[in-house]
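Those protein sequences? They're chains W and S, same order as listed. If you read the first sequence in this note's numbering, its first letter stands for residue 11, the second for the next number, and so on. If you read the second sequence in this note's numbering, its first letter stands for residue 1240, the second for the next number, and so on.
Worth double-checking, as some hints may not be accurate.
[Said to hold, decoys possible] Far from chain W, some chain S residues (derived; all Cβ distances over 12 angstroms):
{"no.": "1", "residue": "R1256"}
{"no.": "2", "residue": "N1277"}
{"no.": "3", "residue": "Q1306"}
{"no.": "4", "residue": "K1319"}
{"no.": "5", "residue": "P1320"}
{"no.": "6", "residue": "D1340"}
{"no.": "7", "residue": "E1352"}
{"no.": "8", "residue": "F1366"}
{"no.": "9", "residue": "A1368"}
{"no.": "10", "residue": "A1407"}
{"no.": "11", "residue": "L1413"}
{"no.": "12", "residue": "D1422"}
{"no.": "13", "residue": "L1445"}
{"no.": "14", "residue": "G1515"}
[To be verified] Calculated lysine-lysine pairs in the DSS-like style (CA-CA distance at most 25 angstroms, straight line):
{"no.": "15", "chain 1": "S", "residue 1": "K1334", "chain 2": "W", "residue 2": "K219"}
{"no.": "16", "chain 1": "W", "residue 1": "K219", "chain 2": "S", "residue 2": "K1355"}
{"no.": "17", "chain 1": "S", "residue 1": "K1448", "chain 2": "W", "residue 2": "K206"}
{"no.": "18", "chain 1": "W", "residue 1": "K206", "chain 2": "S", "residue 2": "K1393"}
{"no.": "19", "chain 1": "S", "residue 1": "K1514", "chain 2": "W", "residue 2": "K206"}
{"no.": "20", "chain 1": "W", "residue 1": "K150", "chain 2": "W", "residue 2": "K234"}
{"no.": "21", "chain 1": "S", "residue 1": "K1275", "chain 2": "S", "residue 2": "K1393"}
{"no.": "22", "chain 1": "W", "residue 1": "K196", "chain 2": "S", "residue 2": "K1393"}
[Said to hold, decoys possible] Under 10 angstroms between C-beta atoms, here's a sample of chain S residues computed to sit facing chain W:
{"no.": "23", "residue": "I1324"}
{"no.": "24", "residue": "R1327"}
{"no.": "25", "residue": "G1329"}
{"no.": "26", "residue": "Q1333"}
{"no.": "27", "residue": "K1334"}
{"no.": "28", "residue": "L1344"}
{"no.": "29", "residue": "N1353"}
{"no.": "30", "residue": "F1358"}
{"no.": "31", "residue": "A1360"}
{"no.": "32", "residue": "R1363"}
{"no.": "33", "residue": "A1411"}
{"no.": "34", "residue": "P1416"}
{"no.": "35", "residue": "P1491"}
By construction, these hints were calculated from the structure, which means they are not laboratory data. Idealized CB from N, CA, C, for every residue including glycine.
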Amino acid sequence: MAQSFRVSDLTGIQVRPARLWTHSLSWILFVAGIALYAHFSILRHRENPEDRVIPSVTQLVQGLKSSVLEPAEEDDPLDPGASLIQQVRHSMIWKDTASSARRFFIALLLLVPAILIGLHMAVFPYAGAFFLRFVLFFDKIVALSLLPILFVVFGIDEWSKIMLMVIGVAPTLMLDSYNIASGVPKEQIVKAFTLKSSNLDVAYRIVLKQVLPQLINSVRLNLKPLALFLFAGEMIASTDGLAYRIAIMRRHMGMDIIIPYLLWVALLLFTLDALLRFTNRRLHPWYQPH
Amino acid sequence: MAIAPHSLPRRTEIELRAVSQSYPCGNKGSKTVLSKLNLKVGAGEFVVVLGETGCGKSTLLRLILGQEFPTEGAIEVDGKPVTSIDARCGYVPQKYSLFPDRTVLGNVMYGPENAKCRFLARFRPSFFAYRRQLRAEAQAYLVRMGLRPQDMDKYPHQLSGGMQQRVAIAQALLMHPPVLLLDEAFSALDPSTRASLQEQLKAVWLESKPTVIFVTHNTSEALLLGTRLILLGRHREDRAGETNLLLDLEIPSSQLPHSARVKSREFQELLEHVKGLAYKFSSLCADDADPDSNTDSNVEEGALG
Chain W
11 MAQSFRVSDL TGIQVRPARL WTHSLSWILF VAGIALYAHF SILRHRENPE DRVIPSVTQL
71 VQGLKSSVLE PAEEDDPLDP GASLIQQVRH SMIWKDTASS ARRFFIALLL LVPAILIGLH
131 MAVFPYAGAF FLRFVLFFDK IVALSLLPIL FVVFGIDEWS KIMLMVIGVA PTLMLDSYNI
191 ASGVPKEQIV KAFTLKSSNL DVAYRIVLKQ VLPQLINSVR LNLKPLALFL FAGEMIASTD
251 GLAYRIAIMR RHMGMDIIIP YLLWVALLLF TLDALLRFTN RRLHPWYQPH
Chain S
1240 MAIAPHSLPR RTEIELRAVS QSYPCGNKGS KTVLSKLNLK VGAGEFVVVL GETGCGKSTL
1300 LRLILGQEFP TEGAIEVDGK PVTSIDARCG YVPQKYSLFP DRTVLGNVMY GPENAKCRFL
1360 ARFRPSFFAY RRQLRAEAQA YLVRMGLRPQ DMDKYPHQLS GGMQQRVAIA QALLMHPPVL
1420 LLDEAFSALD PSTRASLQEQ LKAVWLESKP TVIFVTHNTS EALLLGTRLI LLGRHREDRA
1480 GETNLLLDLE IPSSQLPHSA RVKSREFQEL LEHVKGLAYK FSSLCADDAD PDSNTDSNVE
1540 EGALG
């Protein structure tokens, strides 16, 4: 029988909160954040009804509407008779999301070899000897400091931003992948060889398959650094993208646009993270996280 | 493609000549684990290696397997020097013996599939027919090892430790290896599971007679299973702690069935004798006591006498 709640449970380690408690507790900080925002917004709007630093709900709704239904300032205005779908497809947020997503996913794709290099470093001693010291050193270089070089090498168009993301995250992913793959018990590798596996069988059918759930988790944890480098690149040199829009709006104090954009970016990353978690669970039912 | 018939595995002889193995040991140079060990294992023998923890039993197994190479001496399997992990050897470690991402059947079928064809050949229709036959054979092996049909599609983490070891042994045996190396394969199991697995292993060995090297620190298990017992340990005057071959004897009536063997007076006497011997060496190693006690040669004489 479930025990009733006692105040001392709040500091207990061995307690198991009931489902209702878990759900209720998980929403408290969201509610507190919204309440705090509303409080300060009301305070500022009492002093100045046109305040744009902490926009009111009406301003936010207006900002959201213009982001989702109106084209960007730099684009041509849409035909007044356009359908809702056309309006959304030519909207500012759609255009910016598409640009940022394209850069994000190209970078993500380019990070796959980094993961494989990490795997090879762990499995093949010569690859480890070749890469490890360099990657350890390269990982300590602040990627943003390479931006001027990237602009010179790749120009100020798409590739400099994509390469910034790749260079920023690749060493971490390589080292993570190396550490994860190194954790596969030696017995498994020996056993695989006694079962007539080739070197590539061991690398890809034994080690990679076993560590894939952890590698996906590693990618999940690196989504935010990836977005961070994307934002840095877009804020410095871009003509579209979510971060570009935030940078433009910052100049005009357009918090009514910036806040919906921030929430949208967080939602996108959260959804991608949830999707990867779901995929991981579905593809690897055998995986037992420690 | 057809599955190879259940032929007896090719007999294999293992020979270690003056094998020493040392490991780097911090700033102190190196620590010698095995010292000038000479050992010849005949084809079809069931050799049980007994010794206290840390005396080099597993090192010996890794050397034969080709996972490590000796710092001195030479190892030959079937007259050929061991230069890499030998796919002729079946291997069952104490833990981590199964691939966690494969089901029980997937684990057992992995080896024969690999042996039969390379990756690209697995897309040929003939491979699917082969796979069906192999699946039936694997299922039969697993049932024989005590698994239920409903366990076949489970993942290793869904099985108990005993079940996992049964699968690990089936995984090694389905390759029909001429040499089977087991490294404390039953040490984490409860007594009844252990006894059942001992019987099954013995039955399999009696049937196809592969050369088996079974590492354990359980004396009665060693005497029950093996045809030959090897005791590894450190000589009392050897303060460097190097491991040597202390005892090498044929185990009498090893062909008898399990139950008959346990009951025999000869077995019980031998068990007491080896236990006493193992205990004696363990205590000497632990405290370097009593300089006037028996030397190793006396012990060997006593044991063999």
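Going through the hints against the structure:
For R1256 of chain S, the requirement that its beta carbon stay farther than 12 angstroms from each beta carbon of chain W is met, with the minimum near 23 angstroms. The Cβ of N1277 of chain S lies farther than 12 angstroms from every Cβ of chain W, with a closest approach of about 25 angstroms, so its non-interface assignment holds. Against the 12 angstroms criterion, Q1306 of chain S falls within the reach of chain W, whose nearest CB is about 5 angstroms from its own CB. Non-interface call for K1319 of chain S relative to chain W: holds, since the shortest CB-CB distance, roughly 16 angstroms, exceeds 12 angstroms.
Distance check for P1320 of chain S against chain W: the nearest CB is about 17 angstroms away, which clears 12 angstroms, and the non-interface claim stands. Under the 12 angstroms C-beta cut-off, the non-interface status given to D1340 of chain S relative to chain W is violated; the minimum distance is some 5 angstroms. A cut-off of 12 angstroms between C-beta atoms contradicts the statement that E1352 of chain S is not in contact with chain W; the least separation is 9 angstroms. With a minimum CB-CB distance of about 15 angstroms to chain W, F1366 of chain S clears the 12 angstroms threshold, and the non-interface call stands.
The claim that A1368 of chain S lies off the interface holds: its Cβ sits roughly 20 angstroms from the closest Cβ of chain W, which is beyond the 12 angstroms cut-off. With a closest Cβ-Cβ approach of about 8 angstroms to chain W, A1407 of chain S is found to fall inside the 12 angstroms limit, against its non-interface label. At the 12 angstroms boundary, the C-beta of L1413 of chain S falls inside the reach of chain W, the nearest C-beta of that chain being 9 angstroms off. A beta-carbon of chain W is positioned within 12 angstroms of the beta-carbon of D1422 of chain S; the least distance is around 9 angstroms.
Residue-level check passed: L1445 of chain S sits 23 angstroms from the nearest beta carbon of chain W, beyond 12 angstroms. For G1515 of chain S, the non-interface assignment is confirmed: its Cβ lies about 33 angstroms from the closest Cβ of chain W, beyond the 12 angstroms cut-off. A C-alpha spacing of about 19 angstroms is found between K1334 of chain S and K219 of chain W, which places the hinted pair at or below 25 angstroms, so the restraint holds. Taken as a hint, the K219 of chain W and K1355 of chain S pair is honoured in the structure, with Cα atoms around 21 angstroms apart against an allowance of 25 angstroms.
For the suggested pair K1448 of chain S and K206 of chain W, the alpha carbons sit about 21 angstroms apart, so the restraint of at most 25 angstroms is met. Only pairs whose Cα atoms come within 25 angstroms are accepted, and K206 of chain W paired with K1393 of chain S is accepted, the gap being roughly 24 angstroms. The suggested pairing of K1514 of chain S with K206 of chain W is violated, with an alpha-carbon distance near 39 angstroms, which exceeds 25 angstroms. At roughly 18 angstroms between alpha-carbon atoms, K150 of chain W and K234 of chain W fall within 25 angstroms of each other, so this suggested pair holds.
At roughly 45 angstroms between alpha-carbon atoms, K1275 of chain S and K1393 of chain S are farther apart than 25 angstroms, so this suggested pair is violated. Note on K196 of chain W and K1393 of chain S: the hinted pairing holds, with a Cα-Cα distance of about 23 angstroms set against a maximum of 25 angstroms. Taking 10 angstroms as the C-beta cut-off, the interface hint given for I1324 of chain S holds, the closest approach to chain W being about 4 angstroms. Interface restraint check: R1327 of chain S against chain W, minimum CB-CB distance 8 angstroms, threshold 10 angstroms, status holds.
A cut of 10 angstroms between beta carbons decides the hint on G1329 of chain S: the least distance to chain W is about 6 angstroms, and the hint holds. Taking 10 angstroms as the C-beta cut-off, the interface hint given for Q1333 of chain S holds, the closest approach to chain W being about 8 angstroms. Interface restraint check for K1334 of chain S: the shortest CB-CB distance to chain W comes to about 7 angstroms, inside 10 angstroms, so the restraint holds. Taking 10 angstroms as the C-beta cut-off, the interface hint given for L1344 of chain S is violated, the closest approach to chain W being about 13 angstroms.
At a threshold of 10 angstroms, the smallest CB-CB gap from N1353 of chain S to chain W is about 4 angstroms, leaving the interface hint in force. The criterion of a C-beta within 10 angstroms of any C-beta in chain W is met by F1358 of chain S, whose closest approach is roughly 8 angstroms, and the hint holds. Checking A1360 of chain S against chain W: minimum C-beta separation of about 13 angstroms lies over 10 angstroms; hint violated. With its C-beta approaching chain W no nearer than about 18 angstroms, R1363 of chain S sits outside the 10 angstroms limit, and its interface hint is violated.
Contact between A1411 of chain S and chain W, as hinted, is supported at the beta carbon level, the nearest pair being about 7 angstroms apart and thus within 10 angstroms. The beta carbon of P1416 of chain S is positioned within 10 angstroms of a beta carbon in chain W (closest approach about 7 angstroms), and the interface hint is therefore held. Taking 10 angstroms as the C-beta cut-off, the interface hint given for P1491 of chain S is violated, the closest approach to chain W being about 32 angstroms.
The structure does not agree with the numbered hints 3, 6, 7, 10, 11, 12, 19, 21, 28, 31, 32, 35 stated previously, though it agrees with the rest.
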